[in-house]
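Q: Those protein sequence lines, which keep their order, are chains A and S.
Under our numbering, think of the first position of the first sequence as 1, with each following residue one higher.
Under our numbering, think of the first position of the second sequence as 1001, with each following residue one higher.
There's no promise every hint is true.
With a straight-line cut-off of 30 Å between C-alpha atoms, the simulated DSBU-like cross-links for lysine-lysine are [what the hints assert, rightly or not]:
| id | chain 1 | residue 1 | chain 2 | residue 2 |
| --- | --- | --- | --- | --- |
| 1 | S | K1069 | S | K1183 |
| 2 | S | K1071 | S | K1183 |
| 3 | S | K1445 | S | K1083 |
| 4 | S | K1575 | A | K81 |
| 5 | S | K1426 | S | K1134 |
| 6 | A | K155 | S | K1572 |
| 7 | S | K1424 | S | K1443 |
| 8 | A | K155 | S | K1575 |
| 9 | S | K1575 | A | K223 |
| 10 | S | K1263 | S | K1275 |
Don't read these hints as lab results, they were simulated from the structure.
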Amino acid sequence: MKEAKKKKKPETSIGVSISALGAFSVYLITGLFLAVGFWVIRNIYFVDLISDPSLTLRLLWIIEFPIVVVIYSLFRRNPEKCSYFRAVGRSIVGLISGALINAFGAVSLGAPIGMQSLPKTIHWSFLMSVFTVVPASAVFGASWTDWHRVFASLKPTGNVEYMILIPAYGAIIGGWFGAWPMPLDWERPWQEWPICVCYGAIGGCIVGQIASLSLMILLRKHKNMKLA
Amino acid sequence: MTTAMTCTRLTIFTVAGIFLQIIGLSIFVFGFFPVKPTLSGVSGSDSYRDPFCDSSPISNESELHHPEKLKLLYQELSGISSKYDRLILMVIDGLPAEFVLGKDGKPPWKVWKESMPYTQSLLANGDAIGYHAKAAPPTVTMPRLKAMVSGAIGGFLDVAFNFNTQALLDDNILGQFFRIGWKMVMLGDETWLKLFPGLFMRHDGVSSFFVKDTVQVDRNVSRHLPDELNSDDWNLLILHYLGLDHVGHTGGRNSPLMHAKLKEMDDIVRTMHLKAMMDRSHDQGQTLLIIVSDHGMTENGNHGGSSYEETDSLMLFIGLNSNKSDYASATNNVAFQVDLAPTLALLFGVPIPKNNVGVLVPGTLSSLRDFEQLRALELNSWQLLRLMQAQIQSSSFPGFSCNCFLDGTCEGLDLDISECSGDKEKQLICLFRNAAVLHGIWKSKKSTESSSAMEDFSRALDAYNTFLKTASEWLASKTTEKPVLLLGLGVGAMLISCFICATVFLSLFKEVYHEPKDQVCSLSYLLNLEEMFVGALLLILVISMGSSSMVEEEHYIWHFMVSTFYLLLLFKTAKSFNFSKGMNILRDFKFGSIFSLLISGRLLRGWHQGGVNWTYLPDISKWLQQVGSGYVKWIQLISNFLVIVLGLYTLFRTGSNRKSVRILAFVFSTCGFLVLLHAGRYQDDMSTDFGATVTVKVIYYLLSISAIGASLVLPWSARNKDKSFLAEVSDCLYLIGSAYILCWCLLQLLLQQPINSGPILLLLLQILTILFLSSNDLQVNEWVEIAALYYMGMAGHFALGNSNTLATIDVAGAFIGISSHSTILSGILMFIITYASPMLFLLSLVMYIGAKLRNHSNSTISTHRETSLGQILKLKLGFPCLVPLCINSILLTAYTVVLLLMRNHLFVWSVFSPKYLYVCATTVCTYIGVCIVAATVTYTFSVTTFLRSNRTRHNNS
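Isolated chain A (complex conformation):
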């Protein structure tokens, strides 16, 4: 089993490629859906992140998840062996397991445990999972070596892997920094868990997207220069 996977590796690394412009449009679409999500929440449900974080987060990930799956499943590893629907299916598994991982991380860093904050934590971790794990699970599936190479060794190859790796880490680091204002005594409503962490994660994700785009452009230039 292990050996089989290992052998697969050289083949699987050739996936569907994408240009920087394509990546930009992917980011644009996902960002648009996020914005639409916020709009829907504000104008149809008349709540926002501060007044009802758990409903808002739930709606956000429910809106964001399908589009992320739909887009990233296009870039799945060895598409000839793995059907599109299989990629969709495994990204659902990825969503749940990613939510578990994110929830564990958040709780171990000090997120409150209790009946009151439980729904918030759950929906927050689903949203984080959409940002971090779902794209990767749609693309890599159960290929652990790819996961390990990209997320642990930080050695992505190709634009798709940049698109997976950098925004995901951006979201995590952004969320980490977003937790900073929580203990301060400013008495602002957004200092509650998980509001500012959520803002931080979205901000970090956007920064990561920008970083990945610029990295793609830079690397392409580099490659072109090398070729020339």
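For chain A, the structure is supplied; the task is to place chain S on it using the hints.
A: Showing chain S alone in chain A's frame:
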């Protein structure tokens, strides 16, 4: 660094740095925290006598415990007739004098003036005399109340040292009143009840906790007022209204609520004036009404600092019926807040409190006769002179002897009035001499001619007032001034020592990490994630110390950062995850250990909701106490048991079945069961049972004997010949280290509150886990591991319920097993309880060194054959000693600078100074821990080397 540092040089540099740090710290502490010149004891009848007379008691004072007799004695001795026998002290919290008296000679603003019509009419009639009473910083309620009643400007340290009581133990005016049998009633801020427990006949305290409440808090005071004004069983009625302060806090000076609040205060003044003072139906002398505020407020309604707006407090005397109106009409009379104490003392015929630095408020005397006025000033001068005597050496008082001014017999002193000059001390003595001489002249020819007597009288009065004013200012400046030179020296020394520590650390760092791999370019080295994180954490801590709310909530930083560090470890381990090797038991253990670190860290964080602002949030300890004390008991028993099991496991894990190990294990388990016994039997009833005390003492002795004995004896008992030198030392150190931490854990289980036994177990678990991880190649550098241990210790410190306020110190535990009251022993126990976790992690360094050595001896057995003892010691002991010292030194120095910058901050006394005390105590803890580690390791190495050389010589011969 061209040549590598030798062990000796390293040690010398480090020790020098530490000494410099200690010196700098002590200089800074003595410079920053005013240590006031305190005279102990309480003023008695001898305060009515010349300070140069030897203070033999006038009559048998023991007979005078009867209040009425004491009162008569005081009256007789003072020679001042007291006209009043009832006093109403109305404290309006946070009322700036500007609201009533105006500023710079101008009347107050119209809106304020119109809010208090009755008070203003009293002032206009001359029935009331108002003063701008300057308050000393910190302008917060409790120190101000203390200053008002004791006349002393307290330091910060006396708050800190009175950890177990908030009661005012110094001589104060309320205590003096109590001694002459006054009945006192207090309505208002419960701070008074904390300061004077048991002094009040009736009281109704309100809390100043709910700042948003501006109405009810004052209604709760006023509701008793009609009854109290009707009854005549009290001598002193204290009313402390908090509402105005609350209005200020919520809306500032110009809050829309201010008008109504001032009106309410004015109504109360009118009620009291009409009811208690105009109404003479009681026929029991006169009532004096004094309205004071403890401090002012800034434009935004805050207070605590030293700006004019905050220190401008009010002192208003109503009912002095003075015939002179030049004080009454003026709106810019200036006094000091501390002047209240001597004024009250002299007006009501009690001795002036011993440490008073205030002077009699000038306008309050005018109703007295001439000789009484001078007598009052004389008494005040004597009291200040006594205080000065404590600070000026007696040789500065040449030829002063008992009553010599009165008789004109002072040796070597011509009774001429001289111009006073020279340095301040000389000037003060000269001023006093002038006043005393003039007083004597006036007394001697009082009966002769009236015109010159009048002139003499005013001269004597002026001379006394000059002396009092100068002396008071001098004494006050002695207590509040911050000697810039001392502070600069202290900070400078600390900076230098910090620099020395950092240099030594860096040189060792270069030697250890860069020598073997020169080709590693420095850029990739910088990108090492954990090292960067450890450094960044230090930086974040330093930055966060500048914010008062982050100081209050410091535990969040520690827990957050330590958990992040665990996650980084997880990441690092995942990174080195190699698929080709397949499943590996060790690797799974590694993951499991990191997960257990994460979980235990989270449990520790959730155990106590520390800090200041969010203490009400639920946490594990609250939950456990809610569901029943039985669960706490169970947790205690289980963790006690598990600590014993873990300890035995650790001891026998070395694999050596030596006799000494077995003895150690036996003593250890005996102690463990004794602790269990103590927990099971005695902890419920907090009585100082004899059996409990004996048990605890036995445990103390057993634990200290086993820890010290292990460290002294174990190195000598190494008998294994076929082991290498390092392996032998490592075994020994490992055993000693485990003996240390196990004894420490048992001690903590005994001393800490039962609820804290869970965290102790978790901390022990964390230490064992991280030692396991580090001995199985954690892939982080040694110094990062040690820094992590230090950080974990600090996180554990907060997990045990500590915070940066002095309120969380567990005072009750400090008396366990002590049969007689001893401040030193209780202090040591308190230190042990408070610094349980940092000390535990520092002690674990011994074990850590042992584990590292064993790893080392397994991998490279023969490489260190040739190297000298010093070299090995430097390599093995360098980081474990230097890293905690460096981290602590950086934090201490940074925080000292922060404190210096924040010296005028609103919260400098409530937040920053307590934190500084904690930082100092952490420094002491680090020194002790590092000393123990260094001594143990050096001792073990030397003994083993000695034994080896002996053995080889024996073999050779």
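Q: If a hint holds in the structure, say so; if it doesn't, say that too.
A: Okay, the hints, checked on the actual structure:
no., hint, result
1, K1069(S) to K1183(S), "holds, 16 Å"
2, K1071(S) to K1183(S), "holds, 13 Å"
3, K1445(S) to K1083(S), "holds, 27 Å"
4, K1575(S) to K81(A), "holds, 29 Å"
5, K1426(S) to K1134(S), "holds, 27 Å"
6, K155(A) to K1572(S), "holds, 14 Å"
7, K1424(S) to K1443(S), "holds, 28 Å"
8, K155(A) to K1575(S), "holds, 11 Å"
9, K1575(S) to K223(A), "holds, 27 Å"
10, K1263(S) to K1275(S), "holds, 18 Å"
Violated hints: none; the structure is consistent with every hint.
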